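Student: Those sequence lines, one after another, are chains A and B. Residue numbering for the first sequence follows full-length UniProt numbering, beginning at 1 and increasing consecutively. Residue numbering for the second sequence follows full-length UniProt numbering, beginning at 1 and increasing consecutively.
Please keep in mind that the hints were generated in silico from the structure rather than gathered at the bench. Among these hints, one or two may not hold up.
As the list claims (entries may be wrong) - Looking from chain A toward chain B, a few residues come up when the C-beta cut is under 8 Å (computed):
#1 LEU19
#2 SER21
#3 SER26
#4 ARG199
#5 THR256
#6 GLY284
#7 LEU287
#8 VAL291
To be verified - What the simulated footprint calls covered on chain A by chain B, stretch by stretch (three residues with Cβ under 8 Å from a Cβ of chain B suffice, anywhere in the stretch; the number is not a length):
#9 139-145
#10 245-251
#11 257-271
These numbers come from a predicted model, not from an experiment. For glycine and all other residues, C-beta sits at the position ideal for the given N, C-alpha and C.
Each chain is listed here by its residues.
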Amino acid sequence: MLRHLFTLIWNRKRANLLLISEVFFSFVVLFGVGAVLITAAKNYLAPHGFNYEQVWRLEVRAGQNLKMPRAELDDVLRQVKALPGVRTVALTSGNTPFIFNTNNSVFEYEGKKSPQANVYDADDHYGEAMQLHLREGRWFAPSDDGSNHRPVVISQDLRESMFGNGPALGKIFTWENPGKGPAKPEDEFLVTGVVDAVRMESDFSAAIPSVWKRLIPYDTTHWETANVLVRVAPGSGGELQEKIARTVAGVTRQWTSQVRVMDNERLHRRLYTLVPVVGLCIMGLFLIINVALGLFGVLWYNISQRRAEIGLRRAMGATGAGIGWQFLGEMMVVTTFGVLLGTLLAAQFPLLNAFDLPAQPYLLAIGAAAAAVYFITALCAWQPSRLAAAIQPAVALREE
Amino acid sequence: MLLSYLKIAWKVLMRRKFFTFISLFGVSFTLMILLVVMAMFDHLVGPGAPAKRIDRMLFVNTIRHEMVDNHGWMNMPASIHFVDDYVRKMKTPELVGISSGISNATAFTKSKLLPLDVAYTDGNFWQIMDFDFLGGRAFSKAEVQQAQRVCVINEATARSYFGSTDVVGRPIEIDLKRYRVAGVVRNVSAARIYAYADVWLPYTLSANYFKDNRLNGEFLPVLLAPSAAAVPAMREEYRQMMRRVEIPNPKEVKAVFSYADPILASFTRALLNHQDQTVDDDNIGAFYLIVGGLALLFMLLPALNLVNLNVTRILERSGEIGVRKAFGATGGNLVGQFLVENVVLALVGGLLGLGLAAGALALVNEAHPVAYAHFVLSWRVFGWGMLLTFIFGLMSGVYPAWKMSRLNPVAALRGSGDQK
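With the rest of the complex left out, here is chain B (with noise of 0.2 Å):
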């Protein structure tokens, strides 16, 4: 049956090529964007290097101190004192890593300014993101205890300031200060943004290196959970962490609020936030509702399209209908037969839509948009591609499939496409 409905689509497909080429452009250009936009989405949360393990990883991005009266709220990252005497207290989490987000520092090569983003990390920052190395190592506990001056720089600094990769161990004059390079490691996106910088250099040796006990800083730590499992527990006892929390200068901060998020919620926590901040909400439902909506709506005006399509061209096979009714076929037999011609169609321009995607894609990572990105169709991306085009199928089939079953076999027959 189902193979005698996919011989009758594929006939249909072929017997008018304008309206087919009409359909597949909708279907395949509407999917070419939607999976574009999911490629880009998934290079920004999904796992890659260096982040290979993302889905064992917490990260805290702010500390919200709410100031006494109503005089605001000042949100910054951590401080070493709040990560040394909080964070890596904690029992779950199998490493806790710290990276500063990034500042910005000159290097001069022959007389050429040479801008570089630089940050600043721990030890345990290199064991929890698997970063590629060309040559060398990374820095370890005991070089940052000592604040050394060493650094891991990535393979463009390394080619722009010494011509090729093979530098480990040879001095770099980073804003006009010397540190030996310990690592070179291959380029990191900057859409990663809790790994991305250009150079890396000890937490010891940053501007921001306070001693005393305030606890906003400008460190972003990055939480290991043993496996994904555990990374609920760990978040709780984050939480449950936080109520200890000793609040250094009680006479101007009422309370501090703070929240170990996987990446995503990470960031859908600080994009929709709420009015009160004190509401402990990481709005990922309301992130997923939001995207949902915009994807449908995007999605509504090509299928609307094809539904004004399908709805006219019913009548040119107002015939076939008629015979089929007449020899006892029922309105839902109709209906299905429809849908899986629809579904047929829009498989067809999904594939097309995944080649479009490829396409597009290679042109904006040769524009280069991103520092150092490079998008990618994973299969991920295209399970959901394929969702989506049923979905669209289905969206763009229903009407005027119940449409054709309701269509009167006496007027079919006779030709002359009266819908009554």
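For reference, chain A alone in the conformation it holds in the complex (with noise of 0.2 Å):
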């Protein structure tokens, strides 16, 4: 039976050629749809590893050739934290999540290199303030000051990748080429902490392996740009926003300041996601809409071409539904035919691990879009199919 849908689908090859590689290009089209649409909801059904509600940003930045003192900017923080709804503050460094603000490096513990990492500032209420969520160990603690090395909290995804199995807490890692001579203390990072792995991208970013290094209190330094991180009361609006803002100001007028709620750059940063994706299933959705209709009018017309082909073969005896399933199995072959041709290029992917992903999204959406392509055939030539099994043989041969 399939050796003769095989001569069947031989003998009209040009046709079939034409239809198969209609079949591949939209085989390719719903791979591609589909692997971004898999990534995207895996990421998206992940848990963010920290509590972005009632987080709101504050941004002090000094004036015109100006920096801030950290005895002026400590100040500043108490004044801030001791208004009323306000919960915790903490300071931090610029890439605070879901903005277009990113800080990344290579680390290195005993010859093992660490993936890209992002690498943040915090000092020791920042776990507090952003509700991380610790596996092993503590969070920073005054009891670190007397530490020689600096202390870093680290996720668990980092801990896997330099520690395997092994224990973290203790051990001390260093930059990646730590360069020439004596490693100074504050470029050997003494794990405290790990922490789940978070995500603070966007909503539909994966996660990415992160350490924290403690911020030292009190220091020297000089600041042209603090970020603080503020964690409130819920149902705190604008009212309290302002407030802080005034407070910063009544410090000193030199500075300015801003308030923002991470909530909303969260959904402001999940547009940059959305917006592309939906327009590639539209444009994929009326691709395959397209495909369809097209696919269903052929088959249509090959039906009333071949009717005498049909006739003959119901005079010699062949049922109804043989002629259907006559129809729609070579169908079927043809698609298969171009769903191969599509797998092929498809494994590509997966195999020269294209844009660094893992594998399995890409299989996936292999499965996903062979599926598609043969449902959407096999619905195509369900109707045309029938309507072959429905010729009368003496009205078809008397055609002819």
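Quick one: dock chain against chain with the hints and give me the complex.
Tutor: Put into structure tokens, the structure is as follows:
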């Protein structure tokens, strides 16, 4: 039976070649859209690893050609913390979550290199403000003041890539290529805690290994910009935002400040993924509808061209259902050729490790695209096949 | 001859409504999507308020510093020192203006926080760009030099801060500092990145107005040529000028590179950057190649679909083809006829697509994906759309037409549809 189908397809190879190429391109489009959707959905469903609700970002900037002495900055933070409605205040670096600002680096432990990791500065209250989930050890505390090395907290995914299953707490790692001469104590990182993996880029991004370096309190550095995370009581609004801004201005008129709600920044950031993905889906959907209509038309037409053949087969004793299955089967074989070609192309993505993504979403996308293509062609072939099955041999043969 | 082809085309379209619908659906939706994308592209780089004379403008995005000993690159916009001592001394530009990138600021209104995008500009900027003033005027060169606390705000800011647009001369408090409103302009789309802001302030008030001789800062120079024809000369003079730039810190910086580009080239240079950043190539050719390739690829599937349909439908007309061939029509005649038919179909679909694109853009404008952006179909986009339709019609017509012309008249007349 299958052999017979192949012969039939071979006899009409020119027309079928066009159909196969159409199926092939449809498969490629569905694979591309599917891979994007599956990756985005998988990331979206994973936990963020921190709590972005009721967190505000306070940015304090020194004026023209000015810098902020740390002591004065600490004074500002104390006053902000004393405001009613403010729960916690934490000083950090400029790469706060959901904004287009990243700072990454590669680290090394006993010759083993880490993947690109996000590097954050964090003070002793950061863990509490962001509600990071500790798996091992503890967050920084004033007792770290005496530490000879820079205390750091790392994320679980970084721990796995650098320390594997061995212990991580108390270990010391460094930057990649630490350079010549003895390492400075602030360039040697002492692991004090491990937290869950975090996704701080956007709702649709994958977790990125992260390192939080402790900001030493009461140092003598001068800052041009300070970024502060403020956890507030639920229901706080514009009134408190203005109070915070006026508190900062109250300390020195030279400085300016901004208060932004982290949840709003999250919603804003995710538009940058959502808009292109939705656009891609609309395009994909339109192409597939287009192909489906076209296939339907071609098959329908083919049936009316092959009435004589059908009539002959019916006269020779083939059942209506048998004819229907023959046409459906032919289409399935044509689809299989297209899908095989498409899979050959799509398989290159996981094989070549394209875009540095894991293989699993690609494989899922190949499966989903194949299933969708089979479904669509079966749907388009079903009605024409039924028509073919309904042809009466006497009528068809008389026409001949 | 053409008239009778057109008549036949119309008859064929009307004969099988379902197939006509499938073909038109494919053509019109393909074009709709291409037109929407082109309208957005045109909005980004085409002329339009306030950059109405964009064909006479050159933009400078970054100054690339190549560090010594392969310590990498530092790419930042220009400093005031660089603008004043080099760019403003050029001879070909009619005007040199500057604006900074957008920075964030806050204003408070009745206990509501109003996030604002602030840009710092000089006086010339207002003469290069043609803003629509609803009231008042731009700040002048003198006001900029004296660092007066004046500002120009857009309509949306005026409405949410004051509740009306008739606010010239009133004070506004931004980042808890008071400014006097000098003018109110119509909203500028955030997609016009060289002109967009909510509030414009004199650059002398910027925190990044450094008075030393560093080259990197936060300012984006805009050069206006006296005519579009003078643009290449201006570009060349900028290139020459860059050779004379003195590096203030030669111990750290080996060389500096910077280019003045027309708007599209300024994007493509940054977007399709070479690995080796010393190469002077604005990548505009590569950009057109990539975009053209993608558009063709996108049209390929609907075209293939149409080819499939057309090849199948030739058989329906075997009788007609047989008669014409028997009466001496050559293959070329038939190919011409079929191509005309297909192009007519594509043009009808193209017009439909134009209508659909207008509707889709209305929906997109309703959703406000980009602040204050209003996408419209211009005549240019329309022309491009028609050209694309034409290409599409040819793409999907050539193979079926060739196939039709090879039909054997005897077999065709017998009506068996045998294509040997």
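Student: A separate judgement is required for each hint: does it hold in the structure or not?
Tutor: Outcome of the hint check:
no. : hint    : verdict
1   : LEU19   : 7 Å, holds
2   : SER21   : 6 Å, holds
3   : SER26   : 7 Å, holds
4   : ARG199  : 24 Å, violated
5   : THR256  : 4 Å, holds
6   : GLY284  : 10 Å, violated
7   : LEU287  : 5 Å, holds
8   : VAL291  : 6 Å, holds
9   : 139-145 : violated (count 0)
10  : 245-251 : holds (count 3)
11  : 257-271 : holds (count 5)
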